[in-house]
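Asks: Chain residues, written in single-letter form:
2 protein chains.
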Amino acid sequence: MTTIKDIAKLAKVGTTTVSRVINKSPKVSELTKQRVEQAMKELNFVPNEYARVLKSQKAKTIAVSVPSIWHPFFSEFVFHIEKKLLQKDYRLLISSNNAESSVEIEFLDMVRQNKVDGIIALTYHNIDHYLSSNLPFVSIDRYFKEAVAYVTSDNYHGGEIAAEELIKRGCKNLGYVAAIAPQKNDTLRRKDGFVDKAKSLGFDVDIFQRYEPILDYNVFFDEFFEEFPNLDGLLVMNDQTALVLLAYLDKKGIQVPRDIQIVGYDGFHYFENFETSLTSIKQPIKEMAEAALNLLFDLIDGKPIGDPVVLPVSFKEGKTTKPLL
Amino acid sequence: MTTIKDIAKLAKVGTTTVSRVINKSPKVSELTKQRVEQAMKELNFVPNEYARVLKSQKAKTIAVSVPSIWHPFFSEFVFHIEKKLLQKDYRLLISSNNAESSVEIEFLDMVRQNKVDGIIALTYHNIDHYLSSNLPFVSIDRYFKEAVAYVTSDNYHGGEIAAEELIKRGCKNLGYVAAIAPQKNDTLRRKDGFVDKAKSLGFDVDIFQRYEPILDYNVFFDEFFEEFPNLDGLLVMNDQTALVLLAYLDKKGIQVPRDIQIVGYDGFHYFENFETSLTSIKQPIKEMAEAALNLLFDLIDGKPIGDPVVLPVSFKEGKTTKPLL
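These protein sequence lines are chains D and E, in that order. For the first sequence, our numbering begins at 1 and goes up steadily by one. For the second sequence, our numbering begins at 1 and goes up steadily by one.
Among the hints, erroneous ones may be present.
[Stated by the list, open to error] As a list, the in silico DSSO-like pairs of lysine-lysine whose alpha-carbon atoms are at most 30 Å apart:
| no. | chain 1 | residue 1 | chain 2 | residue 2 |
| --- | --- | --- | --- | --- |
| 1 | D | LYS168 | D | LYS252 |
| 2 | D | LYS252 | E | LYS322 |
| 3 | D | LYS41 | E | LYS41 |
| 4 | D | LYS83 | E | LYS184 |
| 5 | D | LYS282 | D | LYS252 |
| 6 | E | LYS282 | E | LYS88 |
| 7 | E | LYS199 | E | LYS322 |
| 8 | E | LYS282 | E | LYS184 |
| 9 | E | LYS24 | D | LYS5 |
| 10 | E | LYS27 | E | LYS5 |
| 11 | E | LYS252 | D | LYS252 |
| 12 | E | LYS83 | D | LYS286 |
| 13 | D | LYS319 | E | LYS319 |
| 14 | D | LYS322 | E | LYS252 |
| 15 | D | LYS316 | E | LYS251 |
| 16 | E | LYS316 | E | LYS251 |
| 17 | E | LYS172 | E | LYS282 |
| 18 | E | LYS184 | E | LYS286 |
| 19 | D | LYS41 | E | LYS33 |
| 20 | D | LYS12 | E | LYS41 |
| 21 | E | LYS251 | D | LYS322 |
| 22 | E | LYS319 | D | LYS322 |
| 23 | E | LYS316 | D | LYS252 |
| 24 | D | LYS251 | E | LYS322 |
| 25 | D | LYS83 | E | LYS60 |
| 26 | D | LYS251 | E | LYS286 |
| 27 | E | LYS84 | E | LYS303 |
| 28 | E | LYS145 | E | LYS172 |
Rather than coming from a laboratory, the hints here were simulated on the basis of the structure.
One chain only, chain D, in its complex shape (with noise of 0.2 Å):
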């Protein structure tokens, strides 16, 4: 069987020469260019087209690893991206239980060996292991060790308005209430935001947090009230979160908010145009879908990774909270 060593030899050029006229590079010239192919002729040589066409193609594919598609913010978050790609003739690879990390890292070489375009992740495992640098990857919310594209959402801000609004609301006993991954990641700010402005008005704040995974949200709430039982103004660290405690606190027979104001973090709809009931700090979902895909087709187009993107964050008013006066 000929090899590209045989037509080096007969051409009187290197293997690297001989791989550039296979794959159509443009620094052969052409005299060198013909003796190859001259060679490869006299040979009967027929390139490898399978691993041409590999390493040559794009896939036009790009991968979504998210902890769960069974949940209103990253099934938002998925629906824009793929809106997005459907413009751009791109097709969408989802991974969506990667809560469990082997899950995830099974998906992360499946999806290297298939070849896909690149790859956003919504993880708060620690990967680095897994993140190659040949491969386009945006991280959203998350810090790796190594450089890596990533879009946030201003998480610092987002809890400096959550104990703006509760104060503004009469709250004098403000809790932070959370159930955080192990992983240094950009949501942990909000609790930051959250203290330093309620320090910066005079007010202190109890924090309650645990790590993931809750195996019973109300044991996580029974020990928390326990502990705190005369709060009157939270933030929770995400809707999610604060839903379960609403529907905690609704079997308990505590009333929101006219006991107790409740400021979740997302924002996000149940489906689209329709909201829930909270009270809570919205992210854009939207633009940081946009935003992601935007840094990982110029890492695609070879660009260098650039700096993060952070995004605005508001305030949604809901029924978890008092009207103001």
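For chain D, the structure is supplied; the task is to place chain E on it using the hints.
Replies: Chain E alone, transformed into the frame defined by chain D:
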């Protein structure tokens, strides 16, 4: 350039036999195989690997097309599909904007070019024309002119259950409210079951149906209550519409279930482990996803199109109907 024909001639076999040897088919005797390989060697033949791989290898990818991934029913459905695919080491391509038929058709074209092993579509468009008999295809809820594998749940019996449960809870004036797709599909049978069961129990049903898309649900419900002001028990054709109705009634100061009892249809969760407040007819979403995949993998394995799979539904008691006495 050596072709398969040249090899067949030299080896004194048919071109099919040469193909089989290239594709490592077990249907070739060891002796024939050796003769073909000898001819390939003599003619210095390297098979076109790309074509071979494309022909023989599975893409190990499934495409799913849904009206919107930003919707609890579809995201729950896709969540279960993806979980099952992962176990099989398959990837999931997703199209989430098939509410616009042009988008869906573009996607179907795209995935056919691309190469996926099969498609699951939850669609209410007329895509009959785009169904290739070669590509394994499973539909959810939809009939097609051509024979197509499909999965649905027992929509007729779901309607019956709703009538029975509303009447048991004291309703006298029943209504059915639906926004419907123009294409014939199994979900239309919810109305039939509801009406038939009510009749058999001595009650009439007022029916209000409009074709999708509904541009303004306030107008939709205004018209409904203008036409039928005295109803006390409703089956709404899906949870999404029922939830929008609840918000509408809340604004109007009409109390549910005191003034009017409401049964939705789907029984979806907003996210994992978090239900809506609706009383609803629950479809077995996970089982439907798994049945669709089983049908699809049967087709991929070359089995013929089997009978439709119809899965049972159940009554989910929420807060929008009165408790039984």
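Asks: Each hint should be assessed against the structure and marked as holding or not.
Replies: Status of each hint after checking the structure:
With a CA separation close to 27 Å, the supplied pair LYS168(D) and LYS252(D) stays within the 30 Å bound. Between LYS252(D) and LYS322(E) the CA atoms are separated by roughly 21 Å; this keeps the pair inside 30 Å, and the hint holds. Of the pairs offered as hints, the one joining LYS41(D) and LYS41(E) holds, with about 16 Å between alpha carbons and a cut-off of 30 Å not exceeded. A C-alpha spacing of about 27 Å is found between LYS83(D) and LYS184(E), which places the hinted pair at or below 30 Å, so the restraint holds.
Annotation: proposed proximity of LYS282(D) to LYS252(D) holds, straight-line Cα distance about 28 Å (limit 30 Å). Proposed proximity of LYS282(E) and LYS88(E) is supported: the alpha carbons are some 28 Å apart, at most 30 Å. Taking the CA atoms of LYS199(E) and LYS322(E), the gap is near 22 Å; set against the 30 Å cutoff, the hint holds. The suggested pairing of LYS282(E) with LYS184(E) holds, with an alpha-carbon distance near 22 Å, which does not exceed 30 Å.
Restraint check for LYS24(E) and LYS5(D): the C-alpha separation of about 27 Å stays at or below 30 Å, so the hint holds. For the suggested pair LYS27(E) and LYS5(E), the alpha carbons sit about 19 Å apart, so the restraint of at most 30 Å is met. With a C-alpha separation of about 28 Å, the suggested pair LYS252(E) and LYS252(D) falls inside the 30 Å cut-off, and the hint holds. For the hint linking LYS83(E) to LYS286(D), the alpha-carbon distance of about 26 Å falls within 30 Å, and the restraint holds.
A threshold of 30 Å between alpha carbons decides the hint, and for LYS319(D) with LYS319(E) the separation of about 19 Å falls inside it, so the pair holds. Using a Cα cut-off of 30 Å, the hinted pair LYS322(D) and LYS252(E) holds, with the two alpha carbons roughly 21 Å apart. A threshold of 30 Å between alpha carbons decides the hint, and for LYS316(D) with LYS251(E) the separation of about 19 Å falls inside it, so the pair holds. Distance restraint check for LYS316(E) and LYS251(E): the Cα-Cα separation of roughly 25 Å lies within the 30 Å cut-off, and the hinted pair is therefore satisfied.
At roughly 23 Å between alpha-carbon atoms, LYS172(E) and LYS282(E) fall within 30 Å of each other, so this suggested pair holds. The hinted pair formed by LYS184(E) and LYS286(E) meets the criterion: a straight-line CA distance of about 24 Å does not exceed 30 Å. Restraint check: the Cα-Cα separation between LYS41(D) and LYS33(E) comes to about 27 Å, which is no more than 30 Å; the hinted pair holds. A threshold of 30 Å between alpha carbons decides the hint, and for LYS12(D) with LYS41(E) the separation of about 25 Å falls inside it, so the pair holds.
Taking the CA atoms of LYS251(E) and LYS322(D), the gap is near 18 Å; set against the 30 Å cutoff, the hint holds. A threshold of 30 Å between alpha carbons decides the hint, and for LYS319(E) with LYS322(D) the separation of about 25 Å falls inside it, so the pair holds. Among the hinted pairs, LYS316(E) with LYS252(D) is consistent with the structure: their alpha-carbon atoms are about 23 Å apart, no more than 30 Å. Proposed proximity of LYS251(D) and LYS322(E) is supported: the alpha carbons are some 18 Å apart, at most 30 Å.
Restraint check: the Cα-Cα separation between LYS83(D) and LYS60(E) comes to about 24 Å, which is no more than 30 Å; the hinted pair holds. Taking the CA atoms of LYS251(D) and LYS286(E), the gap is near 28 Å; set against the 30 Å cutoff, the hint holds. Annotation: proposed proximity of LYS84(E) to LYS303(E) holds, straight-line Cα distance about 20 Å (limit 30 Å). Between LYS145(E) and LYS172(E) the alpha-carbon distance is near 40 Å, which puts this suggested pair outside the 30 Å criterion.
In this structure, the one hint that does not hold is number 28.
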